[in-house]
Amino acid sequence: MDFLQLENIHHSYFSSKEAKEVLYDINLSIREGEFVSFIGPSGCGKTTLLSIIAGLFPATEGKILIDGEEIAEHNKSLIGYMLQQDYLFPWKTIEDNVTIGLKLTDRQNKTHKVTANALLQEVGLPNVGRYYPRELSGGMRQRVALARTLAVNPKILLLDEPFSALDYQSKLKLEDLVVETLKTYHKTAVLVTHDIGEAIAMSERVFLFSANPGKLHKVFDIPKELQGLSPFDARQHPSYGGVFQSIWKELESLG
Amino acid sequence: MDNTLFERYQKSLKKERRFVRLYQLVILLLFFGGWELFSRNDWIDRLIFSSPSRVWLTFVEKVSDGTLMIHVSVTLMETVVGFIVGTLLGTLLAMVLWWSPMISKVLDPYLVILNAMPKVALGPILIVALGPGYISIMAMGALISVIITTIVVYTAFKGVDPNYSKVMQTFGAKRWQIFKEVILPASFPTIISTLKVNVGLSWVGVIVGEFLVSSKGLGYLIIYGFQVFNFNLVLMSLLIIAVFATIMYQVVELIEKKLIKNQD
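If you're matching them up, the sequences are chains A and B in order.
As numbered in this note's numbering, residues 3 to 257 make up the first sequence, in order.
As numbered in this note's numbering, residues 2 to 265 make up the second sequence, in order.
The following block holds chain B by itself, in its conformation from the complex:
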């Protein structure tokens, strides 16, 4: 075998990767650099669009007086709980539907209606019902993802090749055994991809929830910043949300790698 060819190929791969990283960095620097430049020269409205340096100053100030920590942890907690509850509840509902074809037939139109309805519109009702606190915000984060999770995961359950179940049946497997050994593991890839969607959805639910009610959290900071016309604060919160949403997404990808490394 010609090893030099292979080495050259590997080198070209490495080179390409470095280029991609470089361009990604350039875009990032251009974005923040341009933002700063435009703002300093008054090419954009400094009051509305702020600037990276001012956002940074706000960030430092909020970190040093200790308030940012509280806001971030509140929102993060609400989002993570909303995300987990939404996904688990959705998967559980999907299990019920799979278990009983009768229930699934009966509930079908209701699922369609619930899915089509904008869940954030339920916000006011939730707040009245559950009180203006963490609970209703977490409920919001969960509610926004639960129906779509149910539909997608149930579709995945139904889509599993029936011959796998047939194999189990010939071994005299009970229905729950078929579920545990075949249906669930076969659906992991789909469940994971709904997790990825749900990360984004839960953030929407929680931030909207905080817009409506609450005196803590990043959603609150955004609304507060907007009310007192402090857009440094708004943009800082947005950037923090972007960072944490990305981290959550990465965590899900990590789980994905661990869970489905052996599937075709």
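One chain only, chain A, in its complex shape:
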């Protein structure tokens, strides 16, 4: 069953000097519970596409359907968005950071604390609720950001290079954590990344975009034997290298 559908998405940016077409006729659909990645050269509009799916701004043309319904105010909350950096609010405690989404949508404050603690436990950070973001390391902060995104119980998670600002070790650990958490809750996820390895290790399908204007170039199905593994183990699997090569060649051919 197609959960997220993009139909004929076109998008252009306008400035006083020029109009620039960034997305040209994007059509794709993603199943419920599926993990997919968007990769492509810079300027291929993958982050723009993610922002459009998130409802941050409307596409110039085209339709986005979630569960058969077009996105509007009332079902925006189905979408969770994670950015390159954690963007935790430095003036709020970790607990208040995690519950900010709940606070905005629902005034019942009593259950928030419980939700926050359960989620922090889930991302492996029990007992940090009273701390402030500056007291945590980069990896821990990004995990808190994950908890904050999950707190509102979104159906779809949009991940905009959320591991790119982390050191390699934290990145690998967080990849495992994200995949495991999303599988547990059966969430649909779209990851934007420039790291082919990360895309292969984490997703079930990889969408390759070409630039100027951004077009969907090719879709790669990741072999079943890799899908079952955690991202860390997938990177060690014998068939990983082959998949990497084929995507790499295709990316190179785009210039």
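Honestly, the hints are just simulated from the structure, not real lab data.
Note that the Cβ used here is the ideal one computed from N, Cα and C, for glycine as well.
Just to be clear, a hint being listed does not mean it is correct.
Said to hold, decoys possible - In the DSSO-like style, the derived pairs of lysine-lysine whose C-alpha atoms are separated by at most 27 Å in a straight line are:
{"#": "1", "chain 1": "B", "residue 1": "259", "chain 2": "B", "residue 2": "159"}
{"#": "2", "chain 1": "A", "residue 1": "173", "chain 2": "A", "residue 2": "157"}
{"#": "3", "chain 1": "A", "residue 1": "173", "chain 2": "A", "residue 2": "65"}
{"#": "4", "chain 1": "B", "residue 1": "259", "chain 2": "B", "residue 2": "181"}
{"#": "5", "chain 1": "A", "residue 1": "22", "chain 2": "B", "residue 2": "159"}
{"#": "6", "chain 1": "B", "residue 1": "181", "chain 2": "A", "residue 2": "105"}
{"#": "7", "chain 1": "A", "residue 1": "105", "chain 2": "B", "residue 2": "175"}
{"#": "8", "chain 1": "A", "residue 1": "175", "chain 2": "A", "residue 2": "185"}
{"#": "9", "chain 1": "B", "residue 1": "175", "chain 2": "A", "residue 2": "157"}
{"#": "10", "chain 1": "B", "residue 1": "258", "chain 2": "A", "residue 2": "94"}
{"#": "11", "chain 1": "B", "residue 1": "159", "chain 2": "B", "residue 2": "106"}
{"#": "12", "chain 1": "A", "residue 1": "65", "chain 2": "B", "residue 2": "16"}
{"#": "13", "chain 1": "B", "residue 1": "175", "chain 2": "A", "residue 2": "94"}
Said to hold, decoys possible - Chain A side only, calculated, beta carbon under 7 Å to chain B, not exhaustive:
{"#": "14", "residue": "56"}
{"#": "15", "residue": "58"}
{"#": "16", "residue": "59"}
{"#": "17", "residue": "85"}
{"#": "18", "residue": "89"}
{"#": "19", "residue": "93"}
{"#": "20", "residue": "103"}
{"#": "21", "residue": "106"}
Take the given structure of chain A and dock chain B to it, following the hints.
For chain B alone, coordinates are given in the frame of chain A:
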């Protein structure tokens, strides 16, 4: 860990602090001592520059006849009100500008003009419009800081990392929620630093206001002292202003510590 090294470091810190305090005290004593000495020996004009002992005598006299209390409290009240009104109004205006990019675009040149204009020049108009009393003096204290507060705080609002707002938007936050949860708290450090500037500005506004009109207050004492050539009175008022302006500044610093202790 070598604890003696750490202790030695702490001791050196303490020693340095004591030295700083000592020198500060020495400067203070030298200033007043020198002033007294120069005045007694007629190296400076006693009539104009007075001397600490005479200023003190004037102070004691004015305290004991109860008039000083009234002058100080009037000026203090006017300054505090002017300061608060100026800051609040400026912040409020900044909020309006942030709220509506259209209004901010339209008003931009007018803000520049208003900011560049010397506000004290409006004094006579204020006095005619609002009457020669507390109200126009407080208005003066507020007016002098309101535009610069608007500009600085609005710039701070605009300077908040848009990704914080993006996070809020993905949670479906309304514009006022984004303001309350993100824009305002993120701008507290800037707002506080404008408060510090405004403390000084409000004193200028109020004292100038009292120069122009009024029969009470420290500004009045200065002008009166000048007219009857009683410079003991002028210098005493100046010293009192210095003391209270410092106290106000310290209060703002205290608020700062409480408000932004958790920000990077």
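- Query: Given the hint that residue 259 of chain B pairs with residue 181 of chain B, does the C-alpha gap stay at or below 27 Å?
  - Reply: holds, 19 Å
- Message: Hint check: residue 175 of chain B vs residue 157 of chain A, CA-CA at most 27 Å. Holds or violated?
- Response: With Cα atoms ~21 Å apart, residue 175 of chain B and residue 157 of chain A stay inside 27 Å; holds.
- Query: Taking 27 Å as the top limit, are the C-alpha atoms of residue 65 of chain A and residue 16 of chain B close enough?
  - Reply: The hint is violated at about 71 Å.
- Query: With 7 Å as the cut and Cβ atoms as the points, is residue 59 of chain A at the interface with chain B?
  - Reply: Violated - the Cβ of residue 59 of chain A stays beyond 7 Å from chain B, reaching only about 10 Å at its closest.
- Message: Hint check: residue 175 of chain B vs residue 94 of chain A, CA-CA at most 27 Å. Holds or violated?
- Response: holds, 19 Å
- Restraint status (C-alpha distance of residue 258 of chain B to residue 94 of chain A at most 27 Å): Status holds; Cα separation ~16 Å.
- Item | Hint check: 7 Å Cβ-Cβ cutoff, residue 56 of chain A to chain B | holds, 6 Å
- Message: Given a cut of 7 Å on the nearest C-beta pair, is the interface hint for residue 103 of chain A held or broken against chain B?
- Response: OK, holds: residue 103 of chain A within 7 Å of chain B, min 4 Å.
- Task: For the pair supplied as a hint, residue 181 of chain B and residue 105 of chain A, confirm whether the alpha-carbon distance does not exceed 27 Å.
- Result: holds, 12 Å
- Given the hinted pair residue 173 of chain A and residue 65 of chain A, is their alpha-carbon gap at most 27 Å? violated, 34 Å
- Supplied contact hint for residue 106 of chain A, tested at 7 Å Cβ to chain B: Interface hint status for residue 106 of chain A: holds (5 Å vs cutoff 7 Å).
- Query: Measuring from the C-beta of residue 85 of chain A to each C-beta in chain B, is the shortest one below 7 Å?
  - Reply: holds, 6 Å
Violated hints, listed in ascending order, are 3, 12 and 16; each of the other numbered hints is respected by the structure.
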